[in-house]
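Enquirer: Sequence:
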Amino acid sequence: MKIREEKFVINMTKEEMLKFYVNKIVEDGIRECSEFNTSIYLNAYGDGIDLTKYKDEILQLLYRDERIADVTINNEMCIDMVFYTSYCPYFYDEVDTLDSKEQSEILSDFYYYSSSRVFENGYLSIRSLIDGFVNNKDEDSRDDIYNVLKKKIIETGFIDKYIEDSNETFVTLENKKEFEKMLHDRIKTLEQNLEAEEFE
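If you want the numbering used here, it's the position in the sequence shown, counting the first as 1, plus 5.
Hints may contain errors.
As the list claims (entries may be wrong) - Below, computed lysine-lysine pairings styled on BS3-like, alpha-carbon distance capped at 27 Å: (1) Lys181 x Lys156; (2) Lys58 x Lys106; (3) Lys29 x Lys58; (4) Lys142 x Lys60; (5) Lys166 x Lys156; (6) Lys193 x Lys166; (7) Lys182 x Lys156; (8) Lys24 x Lys60; (9) Lys19 x Lys106; (10) Lys142 x Lys181; (11) Lys186 x Lys166; (12) Lys12 x Lys24; (13) Lys12 x Lys58; (14) Lys156 x Lys142; (15) Lys186 x Lys142; (16) Lys60 x Lys19; (17) Lys166 x Lys181; (18) Lys29 x Lys19; (19) Lys166 x Lys12; (20) Lys19 x Lys58; (21) Lys166 x Lys182; (22) Lys182 x Lys142; (23) Lys106 x Lys182; (24) Lys60 x Lys29.
Said to hold, decoys possible - Label-pair ranges, simulated between beta-carbon atoms: (25) Leu103 x Ala49: 27 to 35 Å; (26) Asn28 x Gly53: 50 to 58 Å; (27) Ser113 x Gly53: 52 to 60 Å; (28) Asn140 x Thr177: 19 to 27 Å; (29) Thr18 x Lys106: 20 to 28 Å; (30) His189 x Gly53: 16 to 24 Å; (31) Asp61 x Ala201: 23 to 31 Å.
Source of the hints: derived by calculation from the structure; they are not laboratory data.
C-beta atoms are modelled at their ideal positions from N, C-alpha and C, and glycine is treated no differently.
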């Protein structure tokens, strides 16, 4: 039996309406991007409202969004957005400069860091946890550490399971043990890879 979705009509000011659609455009764009940029047509939004009349105001609001690094809207109403990579839930760069031992150490340190931070705060986003961890590291190694963590966390499947409509994934007191187990499994895999490398 299919559950009917409830729909509501809400009165909004023009400014509230524009902020609503801009946020939806950004959230959809981040979710759909395979790298750190995407294109979306403005006329795909509005639910009967002609948003093209507000092109300039929408562009200004997009520029102000902290998730966006750059944005343009062309004459065909195509919005090209470039996002800061930390907001893209599935984006990372491959790291080939760190061996299994170094990656395992990074993941182990992050395991203890994230456990204590979530326990203190009750819940934190994956993005905040990674950023907080990386910001305490040597500037020259931050990018590599960030990308290793992002890749290994994506590989656990935790983001797929708990990602929200906002594209944030939260580690909470309720799912903390599951997150830690998934991290622990990735650490074990890296340790096994290291043993295999040493055996060769």
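Enquirer: Next, verify each hint and record whether it holds.
Expert: Verification of the supplied hints:
no., hint, in the structure
1, Lys181 x Lys156, "19 Å, holds"
2, Lys58 x Lys106, "56 Å, violated"
3, Lys29 x Lys58, "18 Å, holds"
4, Lys142 x Lys60, "42 Å, violated"
5, Lys166 x Lys156, "16 Å, holds"
6, Lys193 x Lys166, "21 Å, holds"
7, Lys182 x Lys156, "20 Å, holds"
8, Lys24 x Lys60, "13 Å, holds"
9, Lys19 x Lys106, "55 Å, violated"
10, Lys142 x Lys181, "24 Å, holds"
11, Lys186 x Lys166, "14 Å, holds"
12, Lys12 x Lys24, "20 Å, holds"
13, Lys12 x Lys58, "26 Å, holds"
14, Lys156 x Lys142, "18 Å, holds"
15, Lys186 x Lys142, "24 Å, holds"
16, Lys60 x Lys19, "13 Å, holds"
17, Lys166 x Lys181, "13 Å, holds"
18, Lys29 x Lys19, "15 Å, holds"
19, Lys166 x Lys12, "26 Å, holds"
20, Lys19 x Lys58, "12 Å, holds"
21, Lys166 x Lys182, "14 Å, holds"
22, Lys182 x Lys142, "25 Å, holds"
23, Lys106 x Lys182, "24 Å, holds"
24, Lys60 x Lys29, "15 Å, holds"
25, Leu103 x Ala49: 27 to 35 Å, "41 Å, violated"
26, Asn28 x Gly53: 50 to 58 Å, "19 Å, violated"
27, Ser113 x Gly53: 52 to 60 Å, "53 Å, holds"
28, Asn140 x Thr177: 19 to 27 Å, "22 Å, holds"
29, Thr18 x Lys106: 20 to 28 Å, "57 Å, violated"
30, His189 x Gly53: 16 to 24 Å, "50 Å, violated"
31, Asp61 x Ala201: 23 to 31 Å, "58 Å, violated"
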